[in-house]
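So the sequence lines, in the order shown, correspond to chains B and R. Take 1 as the starting number for the first sequence in the working numbering and just add one per residue. Take 1001 as the starting number for the second sequence in the working numbering and just add one per residue.
Quick caveat, the hints were computed from the structure, so don't treat them as lab data. C-beta: ideal position from N, C-alpha, C; glycine also. Incorrect hints may appear among the rest.
Below, simulated SDA-like cross-link-like pairs (lysine to any residue); rule was C-alpha separation at most 20 Å, straight line [said to hold, decoys possible]:
#, chain 1, residue 1, chain 2, residue 2
1, B, Lys215, R, Lys1111
2, B, Lys149, B, Pro101
3, B, Lys120, B, Lys42
4, B, Lys111, R, Trp1106
5, B, Lys149, B, Tyr267
6, B, Lys111, R, Lys1111
7, B, Lys259, B, Tyr99
8, B, Lys42, B, Pro174
9, R, Lys1114, B, Lys114
10, R, Lys1111, B, Lys120
11, B, Lys114, R, Ala1063
12, B, Lys259, B, Glu195
13, R, Lys1114, B, Phe103
14, R, Lys1114, B, Val57
15, R, Lys1111, B, Lys149
16, R, Lys1111, B, Arg196
17, R, Lys1120, R, Ala1063
18, R, Lys1111, B, Arg158
19, R, Lys1111, B, Lys114
20, R, Lys1259, B, Thr65
21, R, Lys1111, B, Phe103
22, R, Lys1114, B, Gly102
23, B, Lys111, B, Tyr247
24, R, Lys1111, B, Met98
25, B, Lys42, B, Lys114
26, B, Lys259, R, Gly1102
27, B, Lys111, R, Lys1114
28, B, Lys204, R, Tyr1071
29, B, Lys111, R, Gly1127
30, R, Lys1111, B, Pro101
From the derived model, a few chain R residues whose C-beta atoms are all more than 10 Å from chain B [as the list claims (entries may be wrong)]:
#, residue
31, Gly1102
32, Ala1109
33, Glu1110
Number of protein chains: 2
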Amino acid sequence: MNELQEIVTFEELRIARASLPEPVGFVPTMGFLHEGHLSLVKRACEQSASVVVSIFVNPTQFAPTDDLDAYPRDLERDRELLREAGVDLLWIPTPEEMYPPGFQTWVEAEKITKPLEGAKRPGHFRGVTTVVAKLFNAVQPQMAFFGQKDAQQVAVIRRMVRDLNMPIEIVASPIIRERDGLAMSSRNTYLNEAERQAASVLYKSLLAAQSAYKKGERSADSLRRVMEGIITDEPLARLEYISCADYDSLEELTVVSGKTLLSLAVYLGRTRLIDNLVFG
Amino acid sequence: MNELQEIVTFEELRIARASLPEPVGFVPTMGFLHEGHLSLVKRACEQSASVVVSIFVNPTQFAPTDDLDAYPRDLERDRELLREAGVDLLWIPTPEEMYPPGFQTWVEAEKITKPLEGAKRPGHFRGVTTVVAKLFNAVQPQMAFFGQKDAQQVAVIRRMVRDLNMPIEIVASPIIRERDGLAMSSRNTYLNEAERQAASVLYKSLLAAQSAYKKGERSADSLRRVMEGIITDEPLARLEYISCADYDSLEELTVVSGKTLLSLAVYLGRTRLIDNLVFG
């Protein structure tokens, strides 16, 4: 098993990075790792000569009303999981070094950040693209691994990498699910028992729409209505949005053809969950 | 003398870049090269193991009312000058490949782009930082060379590199001047004979303010008034702005102390010229 080296500053990263065998695979995370993260790390270890993982709960992608302070943390456990997975370098930058006084440069994708999560969380994706650009520039990976769970995030980062000519391959890994279909998320820990049980309704609604599609339904509105019906039947669930959109541009569809992203956001109590499914 | 290799596409660049000895020095230009550019190229050749020059008249840093179409071009001559200077790689990307359909990701520095040139040319620096980030990502240089002539551009790019953790050293080279003090610029070719003669008034005003500073003047307003008096005495000149600002932040000063940037923009007929001087 590799030795896991742990670093904090950009200068430590620069020195450690210089001696890593290439290609370098990079998995940026906000910590509190679950099976979903570990599937990314595993894939990175398989596909790269060395693997860097960052843990950084990025303040600029949270709104003032968001759950930044409440975001769950367990560094001891994360460290152990990454050691077992065979990661070479764990980078835990500080907010102070990431955003020093005078910081003022932002990376922003336009159209693709406007719908879905972007519509509900203004400024969120500007924070994401900015911090990911910073992490990429500092780590200089050849490959970076993201979870398909955050489908719009993957689409936005792919767009950024293409538009800004970053020499990095973006690899998206499938959603890892609990037995009842709930997509793994650090936020699942916020759910009480009843909410946890009700939370499988997100995936059920996606499967129902997929099933309708497989039976020949091509009206995007009909697929959205299938999902909506299932969510509204669950008394603990409160629907935020349902989308049936083009996979690359995230534009809402009228008629389904080509690669399609079904996605939704649902509140269970005060916890906001998202899920998605790709077909076509 | 080196062989000058000339390329157009990102793919050609990727292949050529892979075999360049490091450190790689990079000089991004808009072409129509003059002594100012060549001083940057010369410095790049002295300080780097290989040198890449780009020629790209970047549409996103021109406003619709700007002089994009009229911007002077002479590729034959540029090519010959770069060959003589010992440049390794000349990259002439196309606007179509730089900004393909669907392009939508921008890099933007905030506060530092607001005064001076940024105030007169809204959107200009967003175009500059975006294209420079793209060029940097594609060329992957260790050093990049800019002219101090565009003082705010240098400050903005330094800010971007620091904020986004780009592993690139920014080298700013002194302004190269004609015999009468006029700063070299591709736009000088727009001047008629009378305007050309009057154009030395920009540097004269900077020297007069510097002289007042050396005699002990520390009021920024007084230094601005010295400059303003000299510009308004020239009938062909029309003042746009005069600034006495902190060198790093570009904030206007009340009392001069520390590193200071005197700068101004002046119209001679329809041609807009800028100049600056650093002291302290």
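Discussion item. Name the hints, by number, that the structure is in violation of.
Written reply: 1, 2, 3, 6, 7, 9, 10, 11, 12, 14, 15, 16, 18, 19, 20, 25, 27, 28, 31, 32 and 33
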